[in-house]
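Protein sequence lines correspond, in order, to chains A and B. Using my numbering, the letters of the first sequence map in sequence onto residues 1 to 497. Using my numbering, the letters of the second sequence map in sequence onto residues 1 to 156.
Honestly, the hints are just simulated from the structure, not real lab data. Predicted, not measured: the structure shown is a model, and the values here were computed from it. Treat each hint with caution, since some may be false.
[What the hints assert, rightly or not] Listed next, the in silico DSS-like pairs over lysine-lysine satisfying Cα-Cα at most 30 Å (straight line):
no. : chain 1 : residue 1 : chain 2 : residue 2
1   : B       : Lys-64    : B       : Lys-4
2   : A       : Lys-491   : B       : Lys-64
3   : B       : Lys-29    : A       : Lys-448
4   : A       : Lys-385   : B       : Lys-2
5   : A       : Lys-223   : B       : Lys-73
6   : B       : Lys-73    : B       : Lys-29
7   : B       : Lys-29    : A       : Lys-223
8   : A       : Lys-244   : A       : Lys-385
9   : A       : Lys-448   : A       : Lys-349
10  : A       : Lys-493   : B       : Lys-64
11  : B       : Lys-68    : B       : Lys-118
12  : B       : Lys-64    : A       : Lys-486
13  : A       : Lys-100   : B       : Lys-118
14  : B       : Lys-64    : A       : Lys-494
15  : B       : Lys-68    : A       : Lys-223
16  : A       : Lys-287   : A       : Lys-497
17  : A       : Lys-385   : B       : Lys-122
18  : B       : Lys-118   : A       : Lys-385
19  : B       : Lys-2     : A       : Lys-223
20  : B       : Lys-118   : A       : Lys-223
21  : B       : Lys-122   : A       : Lys-223
22  : A       : Lys-287   : A       : Lys-247
23  : A       : Lys-486   : B       : Lys-4
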Amino acid sequence: MLSYLPYIFSQMIQPLNLLLMVAGTAVGIIFGAIPGLSGTMAVMLFMPLTYTMESSTAVIFLLALWIGGCSGAFIGSVLLGIPGSASAVATCWDGHPMAKKGQAGKALAIGMTASFTGTFFSAIIGGVLAETVADFAFAMGPWEYTALCLLALTMVLAISKGNMFKGLASTCIGILLATVGFSPIDAEPRFTFNNMYLFGGLGMIVVLTGIFAVSHILVTFGKGFDQPPEVSKEGLKGFGLTFKDIKAELVNIIRSFLIGLGIGFLPGMGSGLSNLVAYSSAKNGSKHPEEYGHGAAGGIWAPEVANNAAIGGAMIPMAALGIPGDSTTALLIGALTIHGLEMGPMVFKNSGDIVYLMFVTVAVVAAIVLLLQAVCKRWFPYILKVPSWYMYSALLVICLASAYVDSGNLYKCGMMMVFAAVGILMTMGGLPASPLILAFILTPTLEKKMLQGFQSVPTWTEFFTRPVSGIMMVIAILCIFSPIIKPLFAKLKKSKK
Amino acid sequence: MKFKRDQITGSVLAALGIVFIVMISQFSKPITAAYPGPKLMPGIAAVGLIICGLGIFANGCRQKEPDKPIMSKAGLLRMLISFAALWLYILGLKYLGFLIVTPFLVYGLTTYFAAQSKAQTKLWVRIVFAVGVTLVIWLMYVQLFDMELPIGELFE
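Take these sequences, add in the hints, and give me the full structure.
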């Protein structure tokens with residue numbers, strides 16, 4: 001890694017990169033803070049802008065958007081009691097009560113410091129561990145990759161709330177959309193209807209922006225925009241946190257960090273789960289669990305450290321294996337592929353400079369986020385008061401411009417509208433979007449590796465008899481059947497009692 | 001008889017799965033035990049859709065309480081009008097280009113969104129916003145990042 005330091009340093013001090021880092025961070029924070037928007041949406045909308053950039057500049061900009069978005073999510077949780085995204089759900093439970101007690105400044109300061117702690121240290125650990133994981137990955141054949149991709153898809157299902165059939169249906173739709181175009185290895189046209197625009201596949205921006213962004217905006221409007229909320233500006237002056245406060249929560253911080261890092265590392269999971277697990281661990285481990293839910297500082301530290309630690313954790317499988325930790329890393333893998341960077345063990349040999357630049361960028365952006373948030377803390381209420389009618393009309397234009405820029409023709413804009421309609425129908429049917437995103441991004445790799453496996457050893461059994469792929473396949477199958485297995489275990493437990 | 005939302009969703013998904021299976025059966029390369037070829041992945045997904053569709057349908061049949069409405073009929077109409085406006089915008093982009101059509105779309109949507117939300121907005125603010133958004137996006141994409149936005153067939 002040390003040999004790349006001069007390159008990384010030269011990239012970091014380039015004026016354009018610095019400017020995009022700060023701008024991306026600021027935009028990311030705004031997207032993260034406003035309920036309904038998210039860092040994922042920011043990455044999706046601004047991704048086409050990076051097509052004409054150098055790879056290093058594109059990586060820096062996209063990561064700044066992502067990290068800003070992850071960190072900004074707590075602002076809505078604290079000031080409104082509405083999480084900016086799923087990663088900050090648990091932050092609401094103590095962040096907002098603390099703000100209501102007139103300690104909004106302290107709650108925000110905890111959020112900022114916790115975000116920085118989680119992101120910065122997880123990026124360092126990620127940078128140190130990623131190449132070691134990649135070295136292990138060299139021993140992996142197509143069978144292990146197939147099993148790993150399958151595991152990533154099914155783990156999302158195992159943790160999906162509510163009806164598991166709906167999560168699985170969303171995954172199936174994602175797989176079907178990803179198979180449009182020429183098939184890998186055999187080059188057979190699938191679902192193309194002899195339309196030249198479909199031969200190359202549907203395109204990530206067109207599908208995901210349509211289903212995820214345009215449909216979301218239209219459905220939100222259909223439900224009725226909320227009036228800009230009244231946000232109290234009380235107690236927002238000063239940083240509001242002392243070293244003593246941090247020391248008092250040190251055990252909680254370390255435990256939450258490890259939870260976040262571990263969950264982030266698991267394929268298909270991410271900050272959405274880590275913040276909930278860390279919160280419940282913090283509550284269970286606290287000497288005063290009765291204070292949780294009423295503005296306990298530990299209830300803000302735990303989810304915020306954990307959801308940001310998941311960033312570094314998710315970057316390890318993303319860089320070393322090419323497997324996304326969550327939907328945003330799935331998008332990033334797609335964006336990096338467009339820039340000629342195929343993530344996986346070979347990336348350290350072919351583009352080690354860019355990979356380490358990614359980890360350093362995350363650490364530097366974490367510091368920029370802290371600085372920006374500390375300076376701009378008193379203006380946070382104004383971010384939350386941006387009227388939806390202005391914001392969403394501008395975002396719709398950006399969505400369509402992204403589709404046009406992505407392909408250079410208006411046909412894809414029309415196609416994006418078709419996927420917006422698909423997204424609306426999915427919302428009406430209660431189908432979640434995250435499994436579709438992961439399936440859409442993972443399926444090409446999954447299918448290619450699976451067929452390569454068959455080309456090497458033409459039998460199914462190889463996927464189950466190789467120890468690593470066998471274990472992952474079994475876990476994947478258990479995840480699929482978890483809705484049946486879980487109640488059975490619960491019944492067994494009850495009958496034993 | 002009023003159908004539950006899950007019953008409709010399940011039926012649509014199962015029907016979609018069947019349509020995909022018919023399409024997959026027309027692929028030329030067969031599935032064999034030694035090499036599954038291009039049929040397997042979409043095949044698994046199509047079968048999955050049918051199973052999930054039936055599962056969701058069954059859940060809908062078991063559901064006793066009535067569905068909560070996702071949005072009102074007026075909301076649905078609002079959404080469809082916005083959706084249609086975006087299609088018109090794409091048509092406008094084709095013939096008139098980004099710089100001419102975008103201010104009208106942004107102004108129209110902002111006015112419509114605000115009016116439906118019963119918000120008080122000033123005319124000049126909406127006009128300045130519409131023109132400003134158009135110029136900022138144009139400058140960002142075309143000037144700063146050297147990309148192309150539609151200029152319109154009438155001006156080509």
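Outcome of the hint check:
no., hint, result
1, Lys-64/B to Lys-4/B, "holds (10 Å)"
2, Lys-491/A to Lys-64/B, "holds (24 Å)"
3, Lys-29/B to Lys-448/A, "holds (16 Å)"
4, Lys-385/A to Lys-2/B, "violated (41 Å)"
5, Lys-223/A to Lys-73/B, "holds (10 Å)"
6, Lys-73/B to Lys-29/B, "violated (47 Å)"
7, Lys-29/B to Lys-223/A, "violated (47 Å)"
8, Lys-244/A to Lys-385/A, "violated (33 Å)"
9, Lys-448/A to Lys-349/A, "holds (22 Å)"
10, Lys-493/A to Lys-64/B, "holds (29 Å)"
11, Lys-68/B to Lys-118/B, "holds (24 Å)"
12, Lys-64/B to Lys-486/A, "holds (23 Å)"
13, Lys-100/A to Lys-118/B, "holds (28 Å)"
14, Lys-64/B to Lys-494/A, "holds (27 Å)"
15, Lys-68/B to Lys-223/A, "holds (13 Å)"
16, Lys-287/A to Lys-497/A, "holds (29 Å)"
17, Lys-385/A to Lys-122/B, "holds (17 Å)"
18, Lys-118/B to Lys-385/A, "holds (16 Å)"
19, Lys-2/B to Lys-223/A, "holds (23 Å)"
20, Lys-118/B to Lys-223/A, "holds (14 Å)"
21, Lys-122/B to Lys-223/A, "holds (24 Å)"
22, Lys-287/A to Lys-247/A, "holds (15 Å)"
23, Lys-486/A to Lys-4/B, "holds (27 Å)"
The structure does not agree with the numbered hints 4, 6, 7, 8 stated previously, though it agrees with the rest.
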